[in-house]
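Turn these sequences into a full structure, and let the hints steer you where they fit.
2 protein chains.
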Amino acid sequence: MTTIKCGEARRKGLFKGAKSLHSMDHSTEEAQTKEMDIRSLSSSHRHSQSERYIHKVGVPPKQNLFKEFRETLKETFFADDPLRPFKDQSRSQKFILGIQTIFPIFEWGRKYNLKKLRGDLIAGLTIARYWICKACKLGSTVWTVFVPPLIYAFMGSSRDIAIGPVAVVSLLLGTMLQNELDPINEKAQYQRLAFTATFFAGITQVTLGFFRLGFLIDFLSHAAIVGFMGGAAVTIALQQLKGFLGIKKFTKKSDIISVMHSVVASAHHGWNWQTIAIGASFLSFLLFAKFIGKKNKKFFWVPAIAPLISVILSTFFVYITRADKQGVQIVKNIKKGINPSSVNEIYFSGDYLLKGFRIGVVAGMIGLTEAIAIGRTFAAMKDYQLDGNKEMVALGAMNVVGSMTSCYVATGSFSRSAVNFMAGCETAVSNIVMSCVVFLTLEFITPLFKYTPNAILASIIINAVIGLIDIGAATLLWKIDKFDFVACMGAFFGVVFSSVEIGLLIAVSISFAKILLQVTRPRTAILGKVPRTTVYRNIQQYPEATKVPGVLIVRVDSAIYFSNSNYVKERILRWLEDEEEEVKAATYQPRIQFLIVEMSPVTDIDTSGIHALEGLHRSLEKREVQLILANPGPVVMDKLHASSFTSLIGEDNIFLTVADAVSSCAPKLVEEQP
Amino acid sequence: MTTIKCGEARRKGLFKGAKSLHSMDHSTEEAQTKEMDIRSLSSSHRHSQSERYIHKVGVPPKQNLFKEFRETLKETFFADDPLRPFKDQSRSQKFILGIQTIFPIFEWGRKYNLKKLRGDLIAGLTIARYWICKACKLGSTVWTVFVPPLIYAFMGSSRDIAIGPVAVVSLLLGTMLQNELDPINEKAQYQRLAFTATFFAGITQVTLGFFRLGFLIDFLSHAAIVGFMGGAAVTIALQQLKGFLGIKKFTKKSDIISVMHSVVASAHHGWNWQTIAIGASFLSFLLFAKFIGKKNKKFFWVPAIAPLISVILSTFFVYITRADKQGVQIVKNIKKGINPSSVNEIYFSGDYLLKGFRIGVVAGMIGLTEAIAIGRTFAAMKDYQLDGNKEMVALGAMNVVGSMTSCYVATGSFSRSAVNFMAGCETAVSNIVMSCVVFLTLEFITPLFKYTPNAILASIIINAVIGLIDIGAATLLWKIDKFDFVACMGAFFGVVFSSVEIGLLIAVSISFAKILLQVTRPRTAILGKVPRTTVYRNIQQYPEATKVPGVLIVRVDSAIYFSNSNYVKERILRWLEDEEEEVKAATYQPRIQFLIVEMSPVTDIDTSGIHALEGLHRSLEKREVQLILANPGPVVMDKLHASSFTSLIGEDNIFLTVADAVSSCAPKLVEEQP
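Residue numbers (the UniProt record's numbering), protein chains in the order written: chain A, 1 to 674; chain B, 1 to 674.
Don't read these hints as lab results, they were simulated from the structure. Note that the coordinates shown come from a computational prediction; the quantities given were computed from them, not determined experimentally. Incorrect hints may have been included.
To be verified - Restraint-style ranges between C-beta atoms, simulated for each label pair:
#, chain 1, residue 1, chain 2, residue 2, range
1, B, 385, A, 210, 25 to 31 Å
2, B, 260, A, 89, 50 to 56 Å
3, A, 471, B, 589, 46 to 52 Å
4, A, 358, B, 268, 47 to 53 Å
5, A, 71, B, 349, 54 to 60 Å
We treat Cβ as the ideally placed atom computed from N, Cα and C, and that holds for glycine.
Here's what the structure looks like:
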């Protein structure tokens, strides 16, 4: 069976690979390869039986419409196949599985043991420490630390995430709310609006999860998030200047120009030097603690307890010196035991309904993005899968319940989740431990913090958000993808100079513009033969690749849709014109007689695309150039058949590979060679 | 050099192609091939020098940022390289070329001769006939037939297009204007608004052309246009029911529900039976004429002159019977010699400025779409290139001038351009001939048409627009691409049940949703080896392709962007899980140890995509599966380098082809085989 003669095989050009076994001078080798390629091309003319090897391009089996539709739907919305475990189960089993799907605690709870509890306990206590100083600021934040983690522990499927009020989301929420209402003078309405926003944030999250629209979150690109976070950090830090400088009259707006105007306007009589002294000294202390923690991994706990120490020290200091009499603002009224039910406080009608809805949607989306990103990161580290849509439902339910129990929007916090993870948490029980500890501590200890100066809280927040400005990530974006960098900067400056929503809008628009640009102006490339292979590649990427005389091989790097069909057609014709000019200039070059379009990257085509191909075929016919397609994919092949384009150019002008196509051109080409 | 032994070559698996020279039983053949493939894989382990053949994946030469940016800009906005002829020319030459670019008449005018004039004269006279009956309807349409073709003749570069008021655009404009103002009672304002809309239509067109945004037109897909035209035809035909049924009180709205309500409400006392009789008989006559013209190509002129005959006959009939006394509405007041200057009538301020602008933008876009499509079609037939952006400037300038000389929006008409083409036009001179003839005819003959019944004009319009409902095209859309069909139907029902703008919006949204869906949920495929080749293809499209044991080969069919990076990662992991389950079920199958990602269709990647690849790499490391990339393109390779992902997975795990990658896996694989 394998006893064919070597000579015969050689003439068929199958030996190209084997040749380089023998070492030889590079340049001669190349020249000889070229010569041989031409010989092998022309020889296949003589051996017309060689055409028998050429594989036909497969047409995928015709699917019926319903099935096709169902498949598309499934891949779009149920890509993770959530019903897979339900298959082949009895009804009662299905019920149990259903309960376990909604409340994963019943799944992992059965396997819960003392060893896991130990891990969770330690982790819970560790993260509890973090919340305590954060929670000092607002009375009702207490509830946000308490309720949502409990709900999440029952419904969530991430084992590592630490739930609670998160700097970005909370302060973002505050910033947006302050644009609508004054938190001091209109406190009741402000709180009601906050609960309304939290409610709609939860509803947004549940809705997205329930309708399996989780993929919408992916539309916030990494670049946009980097820029957005940086912008949010700057905005939040700027807001803290009020507490840090001890200014009494401060703008309600969040953009940098308004804030700086406010700061400068109050420079002469509004700044309180005592406040600044306290704030600055403790901010330096915090930054130093952070520096130590980074410098030496052994002291990772230093930055963790520094805020608590600052709060205790400064409170004590103010209490001793009665600095509040000299204009240093203090927290003063920490409310205790608020009525936890806030169902009646949510605006379900009126003007504030819409405002709360708008703020809630933004806060909910940002919260989701952060939580899902965190969940995914730690899931990848421990190698378990996380169902994004299920997570969303859990996070949303947690916020809906939260909004009814005096909580603000809660989500997963990256830094605390990392601490949780490193402290050895095993399940969401660490969240339960944490919430109980924080609640008890705050209920009994917070009254002691009446004298905490506002400047300290401002310092703590400034110190925290500075870490969100990720210059390294932005630099990497610049290095990898300029367009991503532009999106990142758009988000950053949008947030800083205008508002959170505008920043997001800019980032999303730029990201989409990039996708559309790629679809509207897809790349095309001229292919050449990589020496000593039968592989054809972009001659710009592989300068050693050589063009085949008389044949132009073009690859289109995108699906051909209405948005690019004309461009693709005209670009190909332009390549042809350029090539023809080059051929004219050279001597002993046959004119271009075949145009091979490599269709591998063309993943789809629509009717406009087929029209463009028809147009291309007509134009080529006029120039006596034959159009040949190489390796169209299943979907494309299907549509080419349906539109009978295949019969227009001839079934035998569609090949499996460029190499097949080239070798079929060769015999016809040789005859016209000068 | 080629004297290596056959046996050696065979072991290297280079003979796979040659084997099928010998006829043999198909099933044995396949089994043997498979066996041989495995043998050839394992043998390359022994011959480790075979790795020397493996080509490295090229990294394209580093471009500097400015150059890269310029290239992108050029491909996006100046894809057609409009300044090419200006290169290497003297200054005076450049000036002449510039003038010729703006006014192509100076280019082709120099080569104009008598032979061309003959063709143009005949063509011009032929299309003039068409306009004459159309132009009866509105006095000021006279100017629209006269001025724009003259301007276009100087500035346009299409040789075949016939310019003038076109059914779709004119009636669309009328419909939109009627939503704002009543054409009878508020006639002066109505006309002023019409001129304003025309002015802004022209400005829109010039702007799009000048800023090289011509590609925006491509966003109206073929499918959307088919649906939109059909919907517009139905809407226009419905509007004609007023004239056709002789109804006096008619709705101003254009949606089907309002119109049908109006028609039914006036059924008892508002319909005029004489009018209906005249309208119906002539409509049948027109349809019959059209049928004859279609049936026999020899009688193509029958449908062409039928409208003229109808007008003459019916006018004569009404004049004789004085049917206008019995309620048959007639044209009555045909204005003659309107003051052609309408500069002062355009609204440049006030409420109507915005309305005119909105209507103008829509009408301008539709007009452009039609004209460019026509221009491109005929340019392809005669094989000359048409610069879309230049055409836009010409069409826009023509409408701006038109709006100042009492013209409505003009554009290219498909049917008349076809007549022009078939009558043998050579240049845009046919437009000049046509406009002069029409103008003279109308000025001297139209007064005779005072007694033309409105029902006849309605019949002519209904007859004309029926041809726009292209059921064949819609059926083809259904056959080729279901999504396109949905976009088409969306446009159709949007126009019919709501308004022109809503219909367009629906169609564009659906078309974009499709692109985004493809980018968000790209196709992935498992590849297998096509027997007797070194080619790896989708096993669904090529059922004969066989998987390589121990290796999973996945192809991703799209650029990897933020919108799909997570999906791609999780989809690949799901493929791997499915495969691992299958392997477990089978006996004598080695476990999956290599995951080859075929990157040929991955035309681009962004930072989110690289993060996803890193995540994939981490997950695979946990499972002790090696990630291998095959054939990343230049852009992708560049970014993988920049992000040092290449060093993460190892440079030697990136291959030129899947075949290379597979053959490098083989030796490592064999050792673990049971």
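A quick look at each hint next to the structure:
1. B:385 with A:210: 25 to 31 Å: violated, 53 Å
2. B:260 with A:89: 50 to 56 Å: holds, 54 Å
3. A:471 with B:589: 46 to 52 Å: holds, 50 Å
4. A:358 with B:268: 47 to 53 Å: holds, 51 Å
5. A:71 with B:349: 54 to 60 Å: holds, 56 Å
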